[in-house]
Structures are given as structure tokens and as C-alpha cells.
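Participant: Letter by letter, the chains look like this.
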Amino acid sequence: MNELRTILGDVVTRLFTDLVTKDLLESAETGTWPGALWQVVEENGLTLPLVPESKGGAGGSWGDAFVVARAAGRHAVPLPIAETIVGSWLLSTSGLDVPSGPLTIAPVHREETLRLARAGGGWRLSGTAARVPWGRAAGHVVVVTEAESRSMVALAARGAGEITTDQNLAREPRDILAFEAAPVVAAAPAGRGVPARAVWLYGALVRSAQMAGGLDYLLRQTSQYATERRQFGKPIGSFQVIQQNLAVLAGHTAAAGTAAANAFRAADRGDAAFEIAVAKVRVGEAAGIGAQIAHQVHGAIGFTYEHALQFATRRLWSWRAEFGGEGDWATELGRSVAERGADALWPHLTAR
Amino acid sequence: MQTFRFELGELPPEAEALRAEVREFLRHELGDAAPVRRAHSWGGFDREFSKKMGARGWIAMTWPKRYGGHERSALERYVSAHWIADRQSGPLLLRFGTETQRQQFLPAIARGELSFAIGMSEPDSGSDLASLRTRAERVAGGYKVNGTKVWTSNAHLADYMIATFRTHHDPAKKHEGLTQFLVDTKLHGITMSPIIDLAGSHHFNMVVFEDVFVPEDMRVGEEGAGWKQVTTELAFERSGPERYLSSFALLLELIREVSKDPGERAAATVGRLVAHLATLRQMSLSVALMLQAGENPNLEAAVVKDVGTTFEQEVPEVVHALLGVEPTIDTGGDLQQVLGFLMQRAPSFSLRGGTREILRGIIARGLGLR
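Heads up: the sequence lines are chains A and B, in that order. Each residue of the first sequence is one higher than the last, beginning at 457 in the numbering used here. Each residue of the second sequence is one higher than the last, beginning at 104 in the numbering used here.
Hints may contain errors.
Here are the simulated DSSO-like pairs of lysine-lysine, each with C-alpha atoms no more than 27 Å apart in a straight line [claimed, not checked]:
| no. | chain 1 | residue 1 | chain 2 | residue 2 |
| --- | --- | --- | --- | --- |
| 1 | B | Lys277 | B | Lys331 |
| 2 | B | Lys331 | B | Lys363 |
| 3 | B | Lys168 | B | Lys155 |
| 4 | B | Lys276 | A | Lys690 |
| 5 | B | Lys154 | B | Lys168 |
| 6 | A | Lys690 | B | Lys331 |
Below, a sample of chain A positions facing chain B; criterion: calculated Cβ distance under 8 Å [what the hints assert, rightly or not]:
| no. | residue |
| --- | --- |
| 7 | Ala492 |
| 8 | Pro508 |
| 9 | Ala634 |
| 10 | Ser694 |
| 11 | Val734 |
| 12 | Arg738 |
| 13 | Gly790 |
| 14 | Arg791 |
| 15 | Ala798 |
| 16 | Leu805 |
Source of the hints: derived by calculation from the structure; they are not laboratory data. Positions of the beta carbon are idealized from the N, C-alpha and C atoms, including for glycine.
Only chain A is shown next, with the shape it has when bound in the complex:
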């Protein structure tokens, strides 16, 4: 990891450690938008890693985005940082200006499409997108869709559509956005390297980083708890059965971090579809197993709202299903592997 990225990691960790308190998380879950926190995160240049400096971004890479998204996951930051990273990348890669404030991306389901049609001098957006992350909080939504036989990126303001609120297990907004020939702020043909299903693909990418961060938290927190909690006259972590379970958690955490990091590296190189599929499958599996072990080691206290463990585990349970669950991505991955043929597998792996 290069030095700048290490500094970036230190900055985000310090910032989130100081500001993302239990009180803030609880208040966000009741529907309060943590505006002051967003402002600090934005001012520190963490939301636009892939936007060129000339356009107000950090001029960085997906590798930098990984550091931010993973840290956001580790601290359960109740903000659409990951969505803004993807949305702002889609806009700037397609030559569009990036507005300030939080962004979201849509549609998040493969089977949904929003329609973009020319009207007068501009474009109008129609259709419904369900479970859009932070829909009510984001100032703008970035949409990728097809119009006039080409892939388009469009930017619509929050007020352009009707919002029906919904949420995921972690009480993060997952809202229905309905547009009826709504005017858009801007639209342009998708930039180079933006696939037609970019929202689905890069949504899965950032969720894999957030989950890897969530697992980092689970491993650290659970190891810590096992050295503090005493039963039968000694710390429960001195029992071999607990040690073995924590070692399994450590293995999944290491695999998740590696798979996610590798997908972001691939995104910096270009076509990352293979690595993103690998990451969403591997990290999603780790999330389920990790949450199970963390809860088992924590016992009853970890099952309470009072204990912070649930901020991580409820997110992991939702995030692994968002932008495609393990089954979706494994099927796609398996088909691509089968298509290339058995003998191409190892050369393919070592060439990437």
C-alpha cells in the first residue's frame, strides 16, 4: 500500500472513530440525517475519490475509494458515502458536473429500468426504482439507462420524483423513487469504461468493501470481548472452542479483505466484472458466517440493541443481499467460467 493511501486510511479512521458515535448511529436509525457528519466527510474530500481535482474531486483511484468504503463499513457510517463515490464517478467519467452533497444511484435491481426520453431541449426520466439507498437523503440520483440505443448517464434532483420511504435491516433508507416524465439536471452518453449495468456492478463492488470493513470490526470486537468476558473463572477466549471459532472468523475476514481489495484493484485496471463477482460471492459468504460467530461468542449481550455489535451485523445481513446476493453472482461467475472452459481457468486467474 502506498504512503498516501496509508495516510488516507489514518485520516478516515480517526474521523470516523471520533464522530460516528453510538448516539449518532441510534439517532440516524430514527430517521435523523447526520448532516454535520456529512459535511465533515465531504470537506475532507472523502466522497469524490474518483473525480478529477479540476472538477472538485480528489483525483484518486478505486484503490483510494476502497480505503474509504472499507473504513465506512468498519464504523457503520450512516451516510451514502459508497453511493456518492459510485455516482460521482459515473458523472465525471461521462463528462458531467458533480453536484455537491450526497448522491445515490439507481436502479439497484437488475430487472428494473428507468426510461430516459428526449423532450424539447432536454431529457425526461420515467419509471420506478425500488429500494434505492438513501433516496430521501440524497440531493441527487445518478441513473444509468439506455436511450436511443446507447447507454446514458443521467442526473436527477431529489424533488424530481415521488419518494416512498422504506428501509433495510440496519434502518438505512432504502426508498422507492417514482418518476413521471421528470426533468433531469443533466444527461450524457455513458463514458468509456462505464458498462450498461454499471450501477449493479459497481454497487456490488462498494458493498463488498463495506462488508469487508464490517468483518474487520467483528473480528476486532469479538476478539476483544473474548478476552474480557469471564466465565468459569477465566476469560472465555481461553477456551479452545472459542479460539477455534475466532480463528474461523479471522480466516473469513482475511479472505473478505483480500477479495474486495482485489476487485478495486481490477477496477483501476479496467474491466473488473470477474473480480467484482468473486468479491461479492466471497465477501457475502464471509459476512453470513462472520455475523453468526460474532453473535455466538458475544452471547446474550450481543443480541441486545444496547450493544453496538448489531450495528455491524444488521448491515452485513442487508448488504450481502444488495446489488445481487452470492447466488446471483456465483451463477454469473460460474457461467463465465464454463464458457471459457476448464483448461482456461488457471491461465485466466494468473493473467488477471
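Assemble the complex: chain A is given as a structure, and chain B must be docked to it using the hints.
Facilitator: Using the frame of chain A, we list chain B on its own:
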């Protein structure tokens, strides 16, 4: 809690070039080999093959040239995936051997002419390795050895055994008093008997030492330094590519089978396994890079082996669950034969080189639990 570091790395261009060379060689050597033969991958013992590898310069890749080595990087060694012949004997002598021992053994190992077995486990010392009891008593000019080693792979074929014996006994300090030796397997007083594995194959042996005289100059390192030397070797052994690729041949047969008509369930099964495999490759590569950088990735190596062997053992189970074909011996299709072979081999994956439980204990120590 210690931090686990799995930094992504890139292989240098010379390692990538070597990969092509090795691939071509293997295509030539193993081109006609049946999949079930290839599935033996790391368990085989083939002296002629070793000599060919030696002639190509693929054994002893990282050693100094004066000992017959090739002074290439650990990463080139990594892609050649031929860690077996030089994995333990060479590094041990390079680190702890005398100059005379290096001159005597290393060039022959590098040529693929000399093979070694590893004598560690004993009837009452498996995971509790430090409890081993085979005694090496000082006598004039050397040591007199009495005791028994078991599970000694390929001892019946090897020229020498790297054996760990007890030279000093203090029940309170069992990790002290262990010493490593190079033992000629033809020495007077050594009796070997085969231990047949559950599949009917002979690679394990029981090796009994009765008043075997081992000359002083065959001791490796100082008296009592054996435990430290052994644990150093294990770090190397645990991180190699064979620690996640043992079932690769079966994955290939599965893909071949599924490619004919990939239904959703079959595709998802293959995709999941490939996701695990691709991730393990990056993790293993990361450990190789740390070794090359002179770091000590003991903890990360233990993680890779634990995650890797879990994957290796899962492959036959997953194939069974998906296809339900009968595993076979010698009959049936390639997939059935490879499945039959690996089904019977799989239990050993999480036993050799440190059991799963021992590895997880090491990981737990890294987590600050013990």
C-alpha cells in the same frame, strides 16, 4: 491483537516469463497423463521427474550459485510451484547447516538427484510435537539413536531423512533439548515398515532406530536448537500454493462436466468454488511476497493454510452434492476417478503440516486470546 496483513501484490515480469516456460514443460511432460494421475500433484515421488526439473534449474531456484542454486527470487520459485524437493532440506541447510554439509548436499539436491524424508512425528507425538522421545545420545564421534518415527512420507524411497531427535531430557522444558540431524536411510540399525493409507497406498512409513550411529558432522545446527529450526521450516511449508490447490484437478473435471450444459445450480456451484479459489490465490501470493521481502508472515501463512485446506476438502463434498455420481477406482470417467482419489485423500489435507486445530491455535494466539 496482532494485525493480519494481506497486501495485494504483483508478480515481477521475470516470474511471469517463467510461468510460461514451466507451463510448456508440464504440457510436454504430463500432456498425456490422465486427470487422476495429475490429481496426485503434490503427493507423488518421481525421481526422473525431479532430475528433469533439476536440469531445468527449477529446484533450488533461490539458492546461491556456489551450492548449485540459481539465485532467482522467491516469487519465481512460487510460480514454478515446485517447492517439494527443495522445500525443507535446502532452506534448512542454507540457514543452519555447516559449510561442509552445504557442499556435500545442496548441489545434488539442486540436480534433483537427492531426496529427503522428514522425520518428525512419533507414535506418541503428533500435534504435541515437542514431546518427541527418540533419543540421540552422545557417543564417541557422534550420536547413538534409539526410538521410532511414524507417518514418515516416502522414507522408503528417500536417500536421507531430516530427523528431529531428543538430545537432552528435561520434563519441564520439553521444547528444549531437541536437535536436527541428517540421517542416511541406509544406516545400520534402521528398520522401515510401510503404513498403508486408507486408500491402500504406501507413502507413510514407520521407521525404527536401534542403536543407530549418526556421525557428529550430520548434526544440523546446535544441540537443542531443533524446535526453533523446525518452526521456521513450518512457516515456509504452510504458505505454499499446494495448500489450496490439492483439489484443483477435481474442480477442472467439474467445470468440464458442467460446461456441457450449465444449469443455474451447477453454474452457481462452480462460481462459488472459483470465487474461493481466486481469493486464496491472492492470499497465498501475498504471503509469498512477504517471504520475498524478508518478513515473517507466520500468522498469515497459518490463515492461508486453514482457509485453503477447508476449501480443498469442500470440493469433493460439493461435487458429490451437485452431481451425485459414484466415486470410483480405475473404472468410470475421469471425474469419477478423480473424485474417488480425492475423496479418500481429503482427510489428510487438514492433518499434514500441522492439524487444523493447531493452526487455529496459532491464529488465536495472534488474536491475543492465548
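Participant: Out of the numbered hints, which ones does the structure contradict?
Facilitator: 2, 6, 7, 8 and 9
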